[in-house]
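Peer 1: Residue strings, one per chain:
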Amino acid sequence: MTDRTDYTPAAATPPSRRAARDTILGLTKQDFSLLLVVIALAMLAPFLLNPFPSNSAMAQFNAGYPDLMQRFVIFGIFAIGFNILFGLTGYLSFGHAAFLGVGSYSCVWMFKLLGYNVLPGILLSIVVSGLFALLIGYVSLRRSGIYFSILTLAFAQMSFALAYSVLSNPAFNLTNGETGLQVYTSDPQWLQGDGPRAPHLFGLAMRETETLSIGAWNFQFNAGYYLCAVIMVVCFYLSVRLFRSPFGMMLRAVKSNQQRLNYTGVNARPYTLAAFVISGMYAGLAGGLLSAMDPLAGAERMQWTASGEVVLMTILGGAGTLIGPVLGAGFIKYFENIFSKINESTLHAWFSFLPDGLEDALVAIVYPFVGKGWHLTLGLLFMLVVIFLPGGLVQGGNKMATIFRRDRKGGGVEDDAATQRQAGE
Amino acid sequence: MEAFLLQILNGLDKGSAYALIALGLTLIFGTLGVVNFAHGALFMLGAFVAVTLSRLLQLSHKASEPSGTDFLGNPRYDDVLYVEDIFGPELGQALLDWAVPVSILVAIPVMLLIGFVMERGLIKHFYKRPHADQILVTFGLAIVLQEVIKYFYGANPIPTPAPDAFRGSFDFGVLLGFDPNTIIYPYWRLVYFVFAAIIIAAVFAFLQFTTFGMVVRAGMADRETVGLLGIDIDRRFTIMFGIAAAVAGLAGVMYTPINPPNYHMGMDFLVLSFVVVVVGGMGSLPGAVLAGFLLGILESFASTTWATTAVPGINQIIIYLVAIVVLLTRPRGLMGRRGVMEE
Amino acid sequence: MNILEVKNVGKRFGGLHALSDVNLSVAKDSVHAIIGPNGAGKSTLLNCLVGKLIPDTGSVSFDGQSVLGRKPHEINQMGISRVFQTPEIFGDLTVLENMMIPCLAKRDGAFALNGYRALMRDREIVDRAEHMLEDMHMIEKRGMHAASMSRGDKRRLEIAMCLAQEPRLLLLDEPTAGMARADTNNTIELLKQIKDSRPITIAIIEHDMHVVFSLAERITVLAQGTPLVEDTPDNIRGHPKVREAYLGETEH
Amino acid sequence: MTRLHFTRRGVMKTGAATGAGLALPIIFTGAAWAQEQGFTNAPTGDTVTLGFNVPQTGPYADEGADELRAFELAVEHLNGEGDGGMLQTFSSKALDGAGIMGKRVEFVTGDTQTKSDAARAAAQSMIQKDGAVMISGGSSSGVAVAVQGLCQDAGVIFMSGLTHSNDTTGKDKKANGFRHFFNAYMSAAAMAPVLESLYGTDRRAYHLTADYTWGWTQQESIAAATEALGWETVENVLTPLAATDFSSYIAPVLNSGADVLVLNHYGGNMVNSLTNAVQFGLKQAQANGKDFQIVVPLYSELMARGAGESIAGIPGSQNWDWKLENERGSRYIGTNAFVQSFGEKYGFPPSQAAHTCYAQTLLYADAVTRAGSFNPCAVVEALEDFEFDGLGNGPTLYRGSDHQCFKDVVVVRGKENPENEFDLVEIVEVTPTEAVTYEPDHPMFAGGELGECNPGA
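Residue numbers (the numbering used here), protein chains in the order written: chain W, 366 to 790; chain S, 773 to 1115; chain P, 16 to 267; chain A, 7 to 463.
Fair warning: there could be bad hints in the mix.
[Claimed, not checked] Under the rule of at most 16 Å between Cα atoms (straight-line distance), these lysine to aspartate or glutamate pairs were calculated in the EDC-like manner:
no., chain 1, residue 1, chain 2, residue 2
1, A, K289, S, D943
2, S, K834, A, E425
3, P, K207, P, D150
4, S, K834, S, D850
5, A, K109, A, D89
Please keep in mind that the hints were generated in silico from the structure rather than gathered at the bench.
Here chain W stands alone, though its shape is the one from the complex (with noise of 0.2 Å):
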C-alpha cells in the first residue's frame, strides 16, 4: 500500500524536479500506480469478491453478486467526497447523508418526469446537491470545530424529519415519506418513450448480468455495477489530481494553520466552501447511484446514523489518505450484509465436520457476533481498529508491507509519515 498524501522525499533521491518530469495523466509514479490498483480492484471485483465456490460453506463469505459491488464502490465514491472535506481541511460534517438523500431524490424524479435513463437523474442529483451543499455549506462555515459540526447535524436532521414526513404530504409528495420515493405507472415519464421499465443507459439496462461460471464459482458481471466502477475510478482520479494541485495544498493548510494562511493572503472562507460543495456533490452523485441502481429512495438516507456511517468509514479506513475512505466503506458495507446473514442454521453447517459437542459449543460462541449480533462485531471492529492502528486501515497495510518488505527502513519512513500526520491533526 503505497498511499501517502506527503511528498516526503524517498531517502537520498532529491527532488520533485525529477519527480515532476515522471508523469502519467498528471500523477506521479507512485500516485498513477495507486490508480491502477484502484482500477484494477474495481474491474476484478466480481472474480475477487467470490473466491469461494458456491457450493462450499464458504460460499457465505463471497460479496460478488451486484448489488453490493454497487454498494462497495458507491458507498467509496460517498467517502472518497467526504473524506475531501474532512481528510484535508480537517472540518467534520455531521450531516453529509443529507446531500446523498438529496440526489437519490432528484435522480428518481428524473425517473418520474422523465424516464428511465439513468444520465439526466445522475446529472440532476449532482446539480441539486451541490446548490443543496453551497446553501448548507455558506451557513454552516460561519463556524468552525465542534460548532460547525453540530450546525451540519441539525440541516440534515432537519432535511431527515421533513423527507420523513412533512414532504410526504399527499398535497404535494415529494419525498413520498417513509415507503420511499419511487416511480409509478401513472408518472408522466415524458421521454420514456420505449425503452427499458427499468433504469438503464441508452438501453443497457442496470440490471443486466451476466454469470460466468467456472466450475463451481460463479462470477456475475453486472452492467450497473461497471457504470459504478468506472465512475468511481473517474472520481478516484479526479480526488487524486485535487489532493495533489494547488488547491488541495490550501485545503491542507486550512487544517494545518488557518492563522497563518490568513496572515499569507489567503482566504480560507472560499477554499473551505469550495471542498464542501465538492464533497456534497460527490455524496449526491453517490445518491443519485444508488437510484440509478435501485430506483427507491427512502429517507432514511437522510438520518444521523447514515452521516455517521460516512464519518466512520473514513476514520476507519484512514482520513486523509487517498484509498482509506474506500476501503472503509468496503469494510462496513461488508460487515453490514455478510455477517448479518450468517444465521444458526450456517454455523451449524459450517462447523459440522467437529463431534456433537464441540459443535455446538463453537457455535455458542461465535453466535453472538454474527447475524442479530453483527452490530457487535462491528462496533468491536472500531476499537480494534482505533486502538491498534491509530492512522486507520491504511496505516495497518503500511505496517504489513513493513513486515513483508525486506527493506524496512522505507517502509519505517512511510510508518513515520503516517504518525506524524496522525499526531498532526
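Using the hints provided, position chains S, P and A relative to the given structure of chain W.
Peer 2: Positioned in the frame of chain W, the structure of chains S, P and A alone reads:
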C-alpha cells in the same frame, strides 16, 4: 394561559432529562476534551441497572404443588419469589414496588465503577488523540455496550413502573384556581424534576465549594499549568469521568418509569444531548443546564396544536432550528468559552 | 514618503483604553521599531494594522489606501506581511510545501479554484519556493515536517514565507522573543541581509533593546496606549521620558 | 474437467468482456440440468432456497426474532420434520412433507434493520447471491412496500410479514406480492362494532398519530369507521416518529373536550405514548360525564409486553391470537396445532407476526405445489382467489384483485391480571370477514395497479 403553563411544566420535565444528560456529557466533552459518543450508552446502562435490580428482585423458584395447566396443557407450577422468602411477603412486595428508587443506591457505585474503568482502560489513552479517533472508539464502545444489553434483555422495551405511591397524577390546575383537569401532571415526573434539580445543584456545589472542584476547574482552564504545579490532575479527571457516568446513569435510572427502557434508548438521546451541550456552549456547565431546559420547553411549545398548525412539522425540527439560530447569533453557544473545541 | 500612516487611532476593551490617539508614520524603505513596556499597547496596535482588530477611532492607511474594515487576507494582499511572536507555520506540511503556499498566494490571489493542476509540476511555484529556500539556506530541509524543526528554523521559515510574497511592509512581532543570544544575532543578521537585498519597509515590535538598536532607523516609544516619543535611535537612547517609562514600569 | 457456462438475464445489448484471458472452453448452456427455466432463480438441483428477511437489529429485533422462529418451524414442517404443525389442519392437502415439489427447502436470512435501503440490500443479496425464489418477512409497511417493489422488478414472489398499512395492497400493490396480514381499514372496521358496544355512539375522540404513511392510513381508517358510528373527531395531532416522550402531546388531551384517546402508534411509539397516557391519569379520568377511554387500533404481543400493566383494559385489534381456537372454537382450527409445535420447540406461545410468517411460507409452498411450478406467474395464478382454511384464521380468501387476505379479525383487550408475560390480552370479539371486507376500488386503496406478474429472466 392554562395551555401555556401546561407546556412549561412539560418542558421543565423534558428539560430536566436533557439537562442531566448534557451535564454529564459536558463534564467529559467540554472539559476533558473527549468527544464521548458512549455517553448515551451510560444513560442506557443506568436504566438497565434499575431493570436488572427489579429482575433480581423478581427471581423465583417453582412452587412444589401444581396450580393448573399451562397453554400446552402441561401441569403448571406457580412462581414463588425469593425476595418474599427472604424478607417476608410484605417487605418483599414493598422492595419490588420500590425497585426503581432503590436502584439509585445500587446505580451510584456501579456507574462510578463503570466510569472509572472506562476512563482508565480506554478514554485516558485518547485525550491527546484527534477527535476523529475519539468518535470512532467511543462509538464502537457504545455499540458494544448496547449489543451486550440487547443480548441479555432483548430489543423490546421493558416496563419498569414507579412505586405505587407515585403513580397517577396531580391536578395543578385546581391548586391555581383553574377548572379540574386543565393542568394535570404525573407525580413521577414531578419527582424526576426535583431529583434532577438536586443532582444539578449537587454537581455545581461540588465543583464550586470543594478543593477538588477548584482543581478540576483550574484543570479545565489550563491543564498544563495545573500539571506543572505538581497536582495529579489525571486522577482527578478519572474521578470526574466517574461522576459524569454516575450522573448519566442516575438520569437513566429515574427515567425508566417515564418510558420503558430499551437497549437503544441511549442512541435516541445521543444526538440530542450533543446538540444541547453545544447550544449551551462548550465547557460551560450552566450553559448545558440552561440549554437543556430551554430546548425542553421550546420542544413542548412546538408540539402544541397551534404551533403545528402555524408551521407544519415544526415539532419535528424545533430543536435543530433553535440550535442553528443560537449558533449563528452566538458563535459559542449560549455560554461557551472561547477556544474550546473550535478547531 | 510614508508607506504607513496611523492617525488618531483609539481602541478600548471594556473600560480599558488599550490605545488612545496613536499617531505613527513609517517611512518607505526604513526600519521602524516600536518599543514600550509590557501592556503599552504594542500588540494591539499591530493587530489594528493587520485587520485582526478594528480600531474604534482614527484611520490606518497603507500606501495611501485605508486598511480599515478589510480582512487580514485582503490587507496581506495589499502588501503587508506579518511575522508572529511564536512562529506560525504549517506544522503538518513539509518545509517545501510551507514555502509554496505564499508563492501561490502571491501568484493566484486570495482564492483560486485550481483543483486539477498538479502542484509539483507547477515549475514556476516549485522553482520559486526552492529558490527562496536556497536563499535562506534551508534547501536541505525541504522534505522535513515543519513541526519537527527547531524554533530558530521555524522562525527563519516563517520570515522566508513572508518574504516570498514580496511584501512592501514586513511587520515583525518580537521576532527574537525567547531566543538564545546566538539565535538572536543570527536573526539580526538575517533581517539586515533582507533589508539590504531588496526594497522593503520593516516595522518591528521588540522588547530587546539590542535588536532594536542594531536595526532600527527610527523608533517610536509607546506607553500606556499612546506614543511617548518618536526619534532616531541615538536620540532615544538617552531620552528621559523613555527612561522614566521603562524604569518606572511596574511589572505586569 | 472444468465446466463453464454462461446464463443470461434479460436482453444484453453489449457483450461483456467476461472470461477474457481465460484459456478455457466456454460453453453456453441454457438448461443442462435445470428442471425448470425461464424465470429468476429457477431452482436447479434438489433444493429450493427461500429468503427470510426480518429485522434483526433495531427496535423491532425481537419481533424479527419471533418471525424467524416461525420461518424455521415452517421449513422444518415442509421438509417433513417435527410434528407437521398446521400442515395437518391446512385445507389444501397438496403438501406432503417432502419439501416443495420434492425439493428440500433451504433458507437464508437477512437483516432489514427496519430501513427500506437495508431491507432491499438484504433481499437483493438473497436473490442475486443465494438464488432465493421467494422473499418473506418484515415488520413495517415501509419495508414491505420497498421489498415488494424490488421482488416485482426482480421476478420473485414476496410474501409479506407484518405490514398493516393500507398501501401495501392499495396504492403500492404489486402482482408478485401477497399479504396475509390484515390492514388498517380492516382494523378499523373490526373495532367499530366493538367500540360501539363498549363505549356507545356518543363519543368525542382525540387522535395521536405517528407522522408517517402507516400512521396516516391508520388514522384515516379509524376516524372514518368511528365517525360512521356517530363519534366526533375532536383533534388529530401528528407526532414525530422519533419522539420518545409524548407528555406534551398527552397533557392537553383531558382539557380538549374529548373522552376517548386513539393512539395511532406502533412499536416503541405506542409503548411510550400509552405509558405516558396512563401516567397522566387518563385511565381514571372522567370527561363529558363518562369514563375516559384509550384505544390502540393495532395491537401486538410485544407492544403489550413493553407497555406492561398500562395496557389493562385497552382495546385493540390483532390478526390472530394464540388462544383463538381454545376460546372461539374449531372455526379457528390450526391455531392449536401451530401453538403446540411452536411452544414445544421454543417454550412460549407464538406472536401474530410469527403466525403470519408461518402461514405465508406454507401458503407459498402449497401454491407452488398446486401450480406444479416455481415460476412466479404460476404461483401468482395459484394464489389468486385461493380459498383455504385450517391456518388458524378460519376460512380465508386470497383476493385476486389486490392480493389481500380476507379473514376474521380479532379484537382484544389488555388483561387486568395477566398470569404471565405471554398472556397479556383477552379476546373480546372476533369480527367476521364480511364486516371487514371492502371493494378493491375503495378510495383508501385507490391509486395503484397490480400490474403483470413478473417472472424475471
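Peer 1: Each hint should be assessed against the structure and marked as holding or not.
Peer 2: Here is how each hint holds up against the structure:
| no. | hint | in the structure |
| --- | --- | --- |
| 1 | K289/A / D943/S | holds, 15 Å |
| 2 | K834/S / E425/A | holds, 14 Å |
| 3 | K207/P / D150/P | holds, 14 Å |
| 4 | K834/S / D850/S | holds, 6 Å |
| 5 | K109/A / D89/A | violated, 19 Å |
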